[in-house]
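Let the sequences and hints guide you as you build the complete structure.
Protein chains in written order, with numbering that gives the first Met the number 0: chain G, 0 to 326; chain F, 0 to 326; chain L, 0 to 326; chain V, 0 to 326.
Be careful, since some hints might not be right.
[Said to hold, decoys possible] Derived pair list, reagent style DSS-like, types lysine-lysine, alpha-carbon separation capped at 25 Å:
(1) K229(F) <-> K179(F)
(2) K219(L) <-> K179(F)
(3) K179(L) <-> K219(V)
(4) K229(F) <-> K229(G)
(5) K219(V) <-> K229(L)
(6) K219(G) <-> K179(V)
(7) K179(G) <-> K219(F)
[Unchecked claim] According to the in silico footprint, chain G covers these stretches of chain F (three or more CB under 8 Å from chain G):
(8) 38-50
(9) 56-67
(10) 140-146
(11) 153-167
(12) 274-285
(13) 309-315
[Said to hold, decoys possible] Residues from chain G that keep clear of chain V, each with C-beta distances beyond 12 Å, as calculated:
(14) V46
(15) L83
(16) M109
(17) L156
(18) G214
(19) K229
(20) S253
(21) D256
(22) L258
(23) K269
(24) N293
(25) G306
(26) R309
(27) S322
Quick caveat, the hints were computed from the structure, so don't treat them as lab data.
Just so you know, these numbers come straight off a predicted model, no measurement behind them.
Glycine is no exception: its CB is placed at the ideal position from the N, C-alpha and C atoms.
Number of protein chains: 4
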Amino acid sequence: MSQKENSSNISTLLRKIKSKPLDRELGFGRNVTLDGRLMNPDGSFNVFREPIGRWDNTYYHLVTMPWRHFFLLIFSFFLLLNVLFSGLYLLIGVEHFNGVTLGSPGHNFMQAFFFSSQTLTTVGYGHISPNGLVISLLASFESFLGLLAFALMTGLLYGRFSRPAAKIVFSEKLLISPYKVGKGLMFRMGNASKSELIETEVQVLMAYNQREEDGSLSRKFYPLGLEINKISFFSLSWTIVHPLDENSPIFNFSEQDILDANAEIMVLVKGTDETAQQLVHARRSYSGEEIVWNARFSPVIERAPNGVPRVLTRRIGEHELLSIESV
Amino acid sequence: MSQKENSSNISTLLRKIKSKPLDRELGFGRNVTLDGRLMNPDGSFNVFREPIGRWDNTYYHLVTMPWRHFFLLIFSFFLLLNVLFSGLYLLIGVEHFNGVTLGSPGHNFMQAFFFSSQTLTTVGYGHISPNGLVISLLASFESFLGLLAFALMTGLLYGRFSRPAAKIVFSEKLLISPYKVGKGLMFRMGNASKSELIETEVQVLMAYNQREEDGSLSRKFYPLGLEINKISFFSLSWTIVHPLDENSPIFNFSEQDILDANAEIMVLVKGTDETAQQLVHARRSYSGEEIVWNARFSPVIERAPNGVPRVLTRRIGEHELLSIESV
Amino acid sequence: MSQKENSSNISTLLRKIKSKPLDRELGFGRNVTLDGRLMNPDGSFNVFREPIGRWDNTYYHLVTMPWRHFFLLIFSFFLLLNVLFSGLYLLIGVEHFNGVTLGSPGHNFMQAFFFSSQTLTTVGYGHISPNGLVISLLASFESFLGLLAFALMTGLLYGRFSRPAAKIVFSEKLLISPYKVGKGLMFRMGNASKSELIETEVQVLMAYNQREEDGSLSRKFYPLGLEINKISFFSLSWTIVHPLDENSPIFNFSEQDILDANAEIMVLVKGTDETAQQLVHARRSYSGEEIVWNARFSPVIERAPNGVPRVLTRRIGEHELLSIESV
Amino acid sequence: MSQKENSSNISTLLRKIKSKPLDRELGFGRNVTLDGRLMNPDGSFNVFREPIGRWDNTYYHLVTMPWRHFFLLIFSFFLLLNVLFSGLYLLIGVEHFNGVTLGSPGHNFMQAFFFSSQTLTTVGYGHISPNGLVISLLASFESFLGLLAFALMTGLLYGRFSRPAAKIVFSEKLLISPYKVGKGLMFRMGNASKSELIETEVQVLMAYNQREEDGSLSRKFYPLGLEINKISFFSLSWTIVHPLDENSPIFNFSEQDILDANAEIMVLVKGTDETAQQLVHARRSYSGEEIVWNARFSPVIERAPNGVPRVLTRRIGEHELLSIESV
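Here it is, written out as C-alpha cells:
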C-alpha cells in the first residue's frame, strides 16, 4: 500500500500537532483497518455484525428497506400465502366448495385461489363458500391469518412512517477555503425537510494513519475543532468550518500529506425534528480524495419572487475554484 | 425602504448597548432579508426548502394538514380508487359479473362502482360477484389494495393523534408596561391544553437592522434577557417580562426607533407534555408594529363558582392602556 | 377562614427560617388561592383551563378515560352510527333491499339495522344487499365510514396502551418520625409496575400561607430538602425523608402551626420506564391534616418462600404510632 | 451460610479501601438479602412487585412475552371467542340460521362455529346468515367484538415491534487479565443489532457482604471505576476494564475473598438506538463464581473476505488462560 511508504514524513509533521488523539473511544476494536474506510460515504458504518437470533434484524430490515421493495415484499407475501392455501384447498378437494364448477386442474386451482384471496382479505363475497368440516376449518384459519397479517402490515407501515430521519443534504466535497486570515476546511449542509430541525449539533472526526515511535503504522482519531458547532435552528443551509490553525491536527498538511495518510473525515450531526419531536441523527464520511483545495462555495440561498428566502438543496455542493493568490 | 433611511440614528443608539449580537447562530445564510420577517406570526419560518425526493414531504403534509382537509383527502382517494377500478371492470366487461343486470352505460358503471366499493372496503355482500379469470384477479388485487390503503390510513390517523403539540395561546400584542422601577417588554401565554406542561422554558430573540461601520445595513439577532425563563409547571398563564434596563439591546429605543429598525421579536417555547411525555415546542413572532406602548395586561385568571382557579385563554391578550404618568 | 386569624403567630416563626421561597416559579398566577389546594390528592392540578377549539381535548379525554368508559363509549358510538344509518335506509325505503321481507315498522327497522351493522363492520353476509342507486351509494359510504371508525379505534387503543404511566403507590399519610438525632418528615412510595423504573428523582414542594410585613396573607412555595432525591433503580420501595433541621422551612412548626398555615405538600416524581424507555411522571399532594406525628412506617418488604424479596404495595402506607419518649 | 464465617478476614481488608459504598441509592429496602443475587444473570431484578390492579401488568406481559407465546395466545383467544359464541348460537337455536342443514349436535356446533368465525373475522361469506332478531343482534355484536379484538391485536403487535431493546451480547465470564502494569477486571460486550448504538455508557456496581464494627454482616454496594465508561459508537465490540489498583474496592482481594464475600457484579449499559432514536438499556449480572482468574479475551473482530471488519458475536466470551508468570 502506497500510504505505508509515504507516511514516514507525516510522523515528523505530527510531532508538532497540539491536539491529542481520541483514546479508543469509538467502539471499534484494535484491528481497525489501516487502508479501509470506517464509514461509507452515506454515513453507515463499514462493518458487519453477526446477528444472534434468526429473526433479530427482521424488523430493522422491514422498516429501513426502500418503499418500493417494501410494497413488492408484502404483495409477494400476499400472493405466496394465497398460493399456499390454494394448494391446500386443492388437496382437500375443490368439490367441497359451494358455487364452484369443476374443470381442468388450472381452472380448479384458480377457483381455489379466488376463494383463498377472498378469505385472506375477508372480502368474502360468498359466491364460493366452504362446504365440509376440514375445508371450513382451513378457511376459518386462513381468515384469522389474514387479520393477523394485516395487523402486522399496519404496524410495519406505521413503524416506517414514524421512523425519525433527518433529511440533510451534504456537499459532495470538502473545500479548503480562505477563512479569516488563514484557511479553513469546510463543508456545507442543507435542510431538505419540511420539518424544522432544532438545536442542531455537529461533530467532526478525522482518522488517519500515523507512524508510531517503533515505526509501525497505526490509525488515530482526532476531533476537528469547529468555528460553530451548534445552532438554534437549521433552517436553510449551514457551512461548517474547521479553522486550519495551529490547533488543527492537520495544520500545515499538504494535499499529498492527507492523501498519503489515507485520511477519512467523519461528520456526525444530531438535532431535534420538530414535527416528530424526536432526536435525529445524520452522518457523512469524506475521504482525502474528496477535498478540493482552494475553492469557495457558491451562494445557495436565493429570494423567491414572493420575497421568501429559499435554499436550493440540489445545489448545496456547488463551488468555484479560486486563483492561487486568493488563499 | 423607509427603514434604510431612518435607521442611521439607530446605529448611534446601538453603540451604547452592552449585549452582544448572536454570531450567525440561527442557521440562516448571510442573505437574510433586511425587510422581511424570518418567522410568520404563527411561529413557522418564512422560508422555503427545496425537497430532494418526490415523496419526501408527503408524510409531513398528511400529518400536519387540518383534520377537515385530511378527511376530505382520504374520502377523495377512496372515490378515485373506486372510479379507477370501476373503469377497469367496465373495460373487461360487466357481463363477467354474477348478479348484474346489464343496462345503459351509466347503469353498468354504477354496478361496477358498487362492486368496486364492496371489494375495496372488503364488505363483499356477494350479490354481485366476479365470474371469470381476469375480473377475479382484478378484484383480488383491489381487495389487497383496500387492506393496504386502510393500513396506511390507520397509520396516518395514529400519526396525527400522537403528534406532540403544545396548545399555547399567545397575547396578540407585546406590551411596554411599568416593571419594578422602570419598564418591561411583556407578552402573555396561556395553556389551553388539558395536559400539563412541565419544565417549560422560554427564549426570546430580537432581530433588527443595524448600520455597520461602513454604512451598510445588516440584520442582527439579539437574545432578550428575561425576568424568569423557566417554570416547573405552566398551569394557567404566564407573563414573560424582558426588563428594559441598560442590559437590554433596545434600552432607550423610542417607538419610532423600533419601527425604523424593522424589528422582529421571536418567541421560542419548549416544555414537556405530560400526557404524551414528549418534548413540545411552540413559537410566536411579533413585529415592531405589534408593540403597545404603556399598557398593562388585564387579569385572566378567575375563580370558578366551585373555587377552582381557571384561565380564560380566549382573553389572554386583553390589556388596558395606561395614562402617561404611570410609566 | 380560621387560618387567617391564627396564622399571625406563624409569621413570627417564619422570620427564623433560612430557606427562601420560590419566586413565582410555578406557573400559577398571583390570584392563587389561600384556602384551596393547588393539587388534588391524586396529583392532578386543581385548576381549569378553557380550551380554544371544540375538539382540542377530545384525544386527551379518549386516551385518559377509564377503560370501562372507553369501551362503553365506542360501543355506544357503534350503536348510534347504526341507528342513524338504519333511519336513513328506512327513509329511502327498505323495499330497495334484496332479501328483506317487509313487515311492521319495527321489523323493517331491525332489517335496516342488521344491514347497517353488517355494512359498518364490513362483515357483509349478503343475505340482505342494497338494490338501487341511492341505497347502494349510502351503503358504500357507510362501509367507508366503518373502516375509518375502525382505524380511529385502532389508533386510540394504541394511544391508550402506549401512554407512559408510572405505577407508583404512595403512603396515604406523611409521617413525622425519628430521624438521626432529630425528626424527619417522611412518606413512602412503592413501585407496583412490572417494568423497572430507572433514575428516579423526587422533588417535594410545600405551600403555606404566610403573613407579609403589611399584615396581608400570601401563599408561599418552599422546596423541601431531601436526604436522598435520586436513586438508580426504584425497584421495591423508597422512603423519602425531609430532615426537620434548621434548614427546613417548617423547622419548629407545631402540629397546629401547620394546620393553621393551611399547608400543602406536593410530591413530584420522575423516572424512566424501562419497558417503554420513556420518561414518566407521578405526583401526589398531601394536606396538613394528612401528617401523622410521631409514627414510623412498618416493614413492607418481605422474603417470598423462594427467597425472592417482594414489596407489599397494598401495605405501603402501614405505620405504627410511637410512644412520646421515642421522639 | 459459609460466607458468614469466612468473611471476618474480609473486614480487615476493607478498612484499607479508599472507595466509599453507595448509601442506599439503589432503591432496595434494608432487608436486602445477604445470600441472594439482586439481579438475575440476564439483568432482570430478582424481586417481586405486588401489582395494584388486576389488569395492571397485562400490557407489560403481552408486549414482553416471546413471539411464539404471543401468537399462541392470540390464536387461543380467537378459538375461545369462537367457541363461546358458537355455544350462544346453539342456545338460541341453529334453526335461526339461513343455509344451515340441521343434524347431530356435533354437526350443529360446527355450523355455529363456522358462522361465528366468519362473523368474528368479518369475512361473512353469507352462505350461512342469521335469521331472527336475537341471533342477528348477537351476530352484530360479535362482528363489533371482532373489529375491537383486531384493533387490540394491531396495537399490541406495534407495541411489540417498536419496543426499544439493545441487542447486546455479554461475555459469559469476567476475566482478571493483565492490564498496564497491574491487573484489571474485564468483561466484553458485542453489538448484535443491525442498528447503530450511539453514545453508549456503562456503569458497573459491585455488591458484597461486609462485616460491620458490631460484627454483623451487611451488604454494601460499590461503584467500580472504569478505564473508559462512554464511547461515541458501540459498533463492534468493547472490552470494559476495571483497573484493580488501590482505588478499587476489591484491591488485593484473593479469589477466595471474593467467593466468601458472596460478591455480585452488576453491569448497566445505556445508549441510543439509532433506528428508533430511543434510549435503550441492557443489564447483566455476574457472580463471584463467574470470574476467571488470569485469562485474556481472544480476538473477536476479523476481516471478512471483502475487507469489512466484522464482529463474531457468538464468540464474544472466548478467552484463553494465561500461564502464572504473565500476571
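Hint check results:
no.: 1; hint: K229(F) <-> K179(F); in the structure: 20 Å, holds
no.: 2; hint: K219(L) <-> K179(F); in the structure: 20 Å, holds
no.: 3; hint: K179(L) <-> K219(V); in the structure: 20 Å, holds
no.: 4; hint: K229(F) <-> K229(G); in the structure: 21 Å, holds
no.: 5; hint: K219(V) <-> K229(L); in the structure: 18 Å, holds
no.: 6; hint: K219(G) <-> K179(V); in the structure: 20 Å, holds
no.: 7; hint: K179(G) <-> K219(F); in the structure: 20 Å, holds
no.: 8; hint: 38-50; in the structure: holds (count 7)
no.: 9; hint: 56-67; in the structure: holds (count 6)
no.: 10; hint: 140-146; in the structure: holds (count 4)
no.: 11; hint: 153-167; in the structure: holds (count 7)
no.: 12; hint: 274-285; in the structure: holds (count 4)
no.: 13; hint: 309-315; in the structure: violated (count 0)
no.: 14; hint: V46; in the structure: 5 Å, violated
no.: 15; hint: L83; in the structure: 17 Å, holds
no.: 16; hint: M109; in the structure: 18 Å, holds
no.: 17; hint: L156; in the structure: 10 Å, violated
no.: 18; hint: G214; in the structure: 23 Å, holds
no.: 19; hint: K229; in the structure: 16 Å, holds
no.: 20; hint: S253; in the structure: 28 Å, holds
no.: 21; hint: D256; in the structure: 24 Å, holds
no.: 22; hint: L258; in the structure: 19 Å, holds
no.: 23; hint: K269; in the structure: 8 Å, violated
no.: 24; hint: N293; in the structure: 32 Å, holds
no.: 25; hint: G306; in the structure: 36 Å, holds
no.: 26; hint: R309; in the structure: 28 Å, holds
no.: 27; hint: S322; in the structure: 40 Å, holds
Going down the numbered hints, you'll see the structure goes against 13, 14, 17 and 23, while the others check out.
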